[in-house]
Amino acid sequence: MSISMSISVWVSALLTLAIFSFLIKDNPLYKIAEHIFVGASAGYWFVFNFHNVLLPDLFKPLGTEFTSKWFLLIPLGLGLLMLMKMSRQYGWLARFPLAFTVGIGAGEGITSIIKSDIISQLSAVTFEMPLIMLTENMGKMQINVFNSFSNIVYFLAVVTGLLYFFFSAEHKGMVGKTARIGIWFLMISFGASFGFTVMARISLLINRLQFLIEDFLGIVI
Amino acid sequence: MLNYLKTLDRRIIYLFVLVGVILPIVGGFLFPVQSSPMTDSVVKALKELEPGSVILVSADFDPGSQAELQPMLLALLKYCFENEINVVSMGLWPMGPTLIDNAMDSDKVRISKDRAEQLMLEGRKVYIIPKGEAGTEQYLEERDGKIVVVKETEREEVGDLFDDAIYYVKGIRSLFPEGHIKYGENYLAAGYQVGAGVVILDLVASVPGALKTDALNSKPVESYPIMNGIDTLKDIDMVFTLSSGSGGIKEWVIYGNGRSGVKVCGGVTAVSAPEFLPYLVSRQLAGMLAGLAGAAEFEAATGYEMGEGIRGMTPQSFAHIIIILFIIIGNLVFLVEKYSENK
Amino acid sequence: MKRQIPLLITFLSAITMIVFYFLNEDLTKDYKSGIFDWVRIIGSFALLIGIVNLLRVHFYKIRRGGKEAVYSYVLVLSFFIITVSGLIGYGKRGAEGIVGASFLTFDWMFINVLRPLQGTMFSLLAFYVASAAFRSFRAKTKEATFLLVSAFIVMLGRVPVGTMIWDRIPVISNWIMTYPTAGAQTAIMIGAALGAVSVSLKIIIGIERTYLGGDE
Chain A
7 MSISMSISVW VSALLTLAIF SFLIKDNPLY KIAEHIFVGA SAGYWFVFNF HNVLLPDLFK
67 PLGTEFTSKW FLLIPLGLGL LMLMKMSRQY GWLARFPLAF TVGIGAGEGI TSIIKSDIIS
127 QLSAVTFEMP LIMLTENMGK MQINVFNSFS NIVYFLAVVT GLLYFFFSAE HKGMVGKTAR
187 IGIWFLMISF GASFGFTVMA RISLLINRLQ FLIEDFLGIV I
Chain B
1297 MLNYLKTLDR RIIYLFVLVG VILPIVGGFL FPVQSSPMTD SVVKALKELE PGSVILVSAD
1357 FDPGSQAELQ PMLLALLKYC FENEINVVSM GLWPMGPTLI DNAMDSDKVR ISKDRAEQLM
1417 LEGRKVYIIP KGEAGTEQYL EERDGKIVVV KETEREEVGD LFDDAIYYVK GIRSLFPEGH
1477 IKYGENYLAA GYQVGAGVVI LDLVASVPGA LKTDALNSKP VESYPIMNGI DTLKDIDMVF
1537 TLSSGSGGIK EWVIYGNGRS GVKVCGGVTA VSAPEFLPYL VSRQLAGMLA GLAGAAEFEA
1597 ATGYEMGEGI RGMTPQSFAH IIIILFIIIG NLVFLVEKYS ENK
Chain C
18 MKRQIPLLIT FLSAITMIVF YFLNEDLTKD YKSGIFDWVR IIGSFALLIG IVNLLRVHFY
78 KIRRGGKEAV YSYVLVLSFF IITVSGLIGY GKRGAEGIVG ASFLTFDWMF INVLRPLQGT
138 MFSLLAFYVA SAAFRSFRAK TKEATFLLVS AFIVMLGRVP VGTMIWDRIP VISNWIMTYP
198 TAGAQTAIMI GAALGAVSVS LKIIIGIERT YLGGDE
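Protein chains in written order, with my numbering: chain A, 7 to 227; chain B, 1297 to 1639; chain C, 18 to 233.
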């Protein structure tokens, strides 16, 4: 073992250990690290927005090309109106920029989502996963039983899952039974999602522990 | 016993998880990694690219997801430069381009002893961590046919490279001979692009118009040879996005593939992978790597030995077993309790 | 008027984007680009509100004093150090795009302060997941059993140890991902998209007004 002599590694390691100390119990070290994180993140986002949005897209054009970019006074005005949200008396003025951004988002969202999340998906269910799959075997076309079964499972998962979310009809009788099957498929999907979530969290833990063990403590195998 | 398990202090569970992850890291054993259909689809899509193709690598993640996505990025960059695929890098998240810069020039890339020797002969800077001496940075030099380990101001002559040391270089660039990666010819850094979906829509219309200038020299991107023949997003051979949340793979699929038909592959964190499976089925995504396991499979498939992904699979396996065992124990406690109540 | 004009603005801006979708891309791309620049600029000012609010809360805590004030000092100090450093030294790079990393520079703080803090915060979740799974993951019903079995198979199938236990586990895991999971996720995606379209329509025609806030 040979502890690192780099100040950067020490700072990173101490902050990492301070956060991990929360696992034992809440303590001042953790609170300090947490507050550094919040403060530094806020500062980081402020700097990024200033250098990547406000400066190049607003202040520089207005400052250097005012005659051709004078219309940028409109988003500047809308932005300043947005700041009125902090005032109780004039907070209603923030509705104008909000209405603009919400309207743009709604209009753009409708057109994109319909194509990518509805039409393309329905097209995939219909054309990419045929219920009867044929494969060539010695010059003859034969039904591929396993792939056909799998595609039927996929189709059932989509249809029964969608039916489960259809609350305009009461989930009774045939509808109820089909919705029940939909819940089973959803549960299988949530189980898989849980498995992936566990994987993701453990991966992050591995990364931090590798840093502490190899870079900080210098234990290298 | 039953009562003890029912009221088990959560810190005992934490300790088991901690030990389960630390032991394999310290023990250094590696489990062999096999590919999966999801990873195979990515490798297949990459193999279809010919030398001279242009791939747009978009780092749409931040340090919080680096553990899972940085290994994918390293393996991807190595594969591209090995197979003469030209790389234009950008990011839809502010810290993304910095993470690509780190991958190119400062992240530790472990190599074997033979590769270390080869790279030294090519004049590349190779670092060494002799066993028990990880504290200070040390690198190798060749002087008059002899290998010298340089530690701060000390220089120690060694006969041969050690078998039990760790060798690494800093960044993917160091894996290749000097001049193999030429800025502007086979690599271009376009930097952080603000606006996510908007940027992609701009790229669909005009790649030079959207990217404007490069991050290094602030010159118009179209002035670089790598951008010859690249006008719209359709002219890009593949978009590879490494994505950890909104403003990433979904936008590339919706706007990039949806509006221009460009081939999109993605690397995502494991937690968001199930959400994008429908895009794989509908072929809006040509392939997807999911989490650290996806990174490990990709490293194994592309010959990136000693990658972070492969090294992470052993502690990952141990941790999964521990969590599964705890869930089983919890359910057994529940069943025993239920049985006793019924009695 | 305090509500009518914003509703009209929402309607007009949404209709503009919908009409643009159906027009030739060459005609609309410059206007679209400009509109989205405006949205980003307004978003930056919205971020300012959050930051000002954060600082306001903590300045109040500092003025009030007490045991907790020291943490507020730490927060405010971290904010100003990184902001001043970033405003002065943002984007300075060395030759060939190598990121500079001198002590207390903006990049140094990103690499050695933000990166480890963010990574460690998220990695705490690994412990919480294990603890929560032990305490509450119970196969009480058929549905919960489906969930558990699927979780076990996927967790084992995605790591090498699954192959060591039984070489069919990764095959079954991949099948579960490709067919039932992908199918259910497609159903969720279509359902969520239909919901999003419905909410967007309600916003556009003015039925949904909660984003405007307030009573006036």
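A couple of the hints might just be wrong.
Result set (DSSO-like, lysine-lysine): computed pairs, CA atoms no more than 27 Å apart in a straight line [stated by the list, open to error]:
# : chain 1 : residue 1 : chain 2 : residue 2
1 : B       : LYS1634   : C       : LYS219
2 : B       : LYS1427   : B       : LYS1442
3 : B       : LYS1343   : B       : LYS1634
4 : C       : LYS46     : A       : LYS183
5 : A       : LYS121    : B       : LYS1559
6 : A       : LYS121    : C       : LYS157
Derived coverage of chain C by chain A (criterion: at least 3 residues anywhere in the stretch with Cβ under 8 Å from a Cβ of chain A; other residues may be distant) [what the hints assert, rightly or not]:
# : stretch
7 : 53 to 66
8 : 179 to 187
9 : 198 to 211
Residues from chain A that face chain C, not an exhaustive set, calculated with beta carbons under 7 Å [to be verified]:
#  : residue
10 : ASN55
11 : ARG101
12 : GLY145
Hints are computed from structural coordinates only; laboratory data are not their basis.
Virtual Cβ for every residue (Gly too), placed ideally from N, Cα, C.
Outcome of the hint check:
Only pairs whose Cα atoms come within 27 Å are accepted, and LYS1634 (chain B) paired with LYS219 (chain C) is rejected, the gap being roughly 49 Å. Restraint check: the Cα-Cα separation between LYS1427 (chain B) and LYS1442 (chain B) comes to about 21 Å, which is no more than 27 Å; the hinted pair holds. Restraint check for LYS1343 (chain B) and LYS1634 (chain B): not satisfied, since their Cα atoms lie roughly 56 Å apart, outside the 27 Å limit. Only pairs whose Cα atoms come within 27 Å are accepted, and LYS46 (chain C) paired with LYS183 (chain A) is rejected, the gap being roughly 50 Å.
At roughly 17 Å between alpha-carbon atoms, LYS121 (chain A) and LYS1559 (chain B) fall within 27 Å of each other, so this suggested pair holds. With a C-alpha separation of about 40 Å, the suggested pairing of LYS121 (chain A) with LYS157 (chain C) is violated against the 27 Å cut-off. Interface restraint, the stretch 53 to 66 of chain C with chain A: holds (14 residues with C-beta to C-beta distance below 8 Å; minimum three). Check on the stretch 179 to 187 of chain C: 0 of its residues sit with their Cβ under 8 Å from a Cβ of chain A, so the three-residue criterion for coverage is violated.
For the stretch 198 to 211 of chain C, the proposed coverage by chain A is satisfied: 14 residues have a C-beta within less than 8 Å of a C-beta in that chain, meeting the threshold of three. Because the beta carbon of ASN55 (chain A) sits about 4 Å from the nearest beta carbon in chain C, less than 7 Å, this interface hint is met. Satisfaction of the interface hint for ARG101 (chain A) is found here, the shortest Cβ-Cβ separation to chain C being roughly 4 Å, below the 7 Å cut-off. Of the supplied interface hints, the one on GLY145 (chain A) is violated, with its beta-carbon coming no nearer than about 29 Å to a beta-carbon of chain C, more than 7 Å.
Of the numbered hints listed earlier, those contradicted by the structure are 1, 3, 4, 6, 8, 12.
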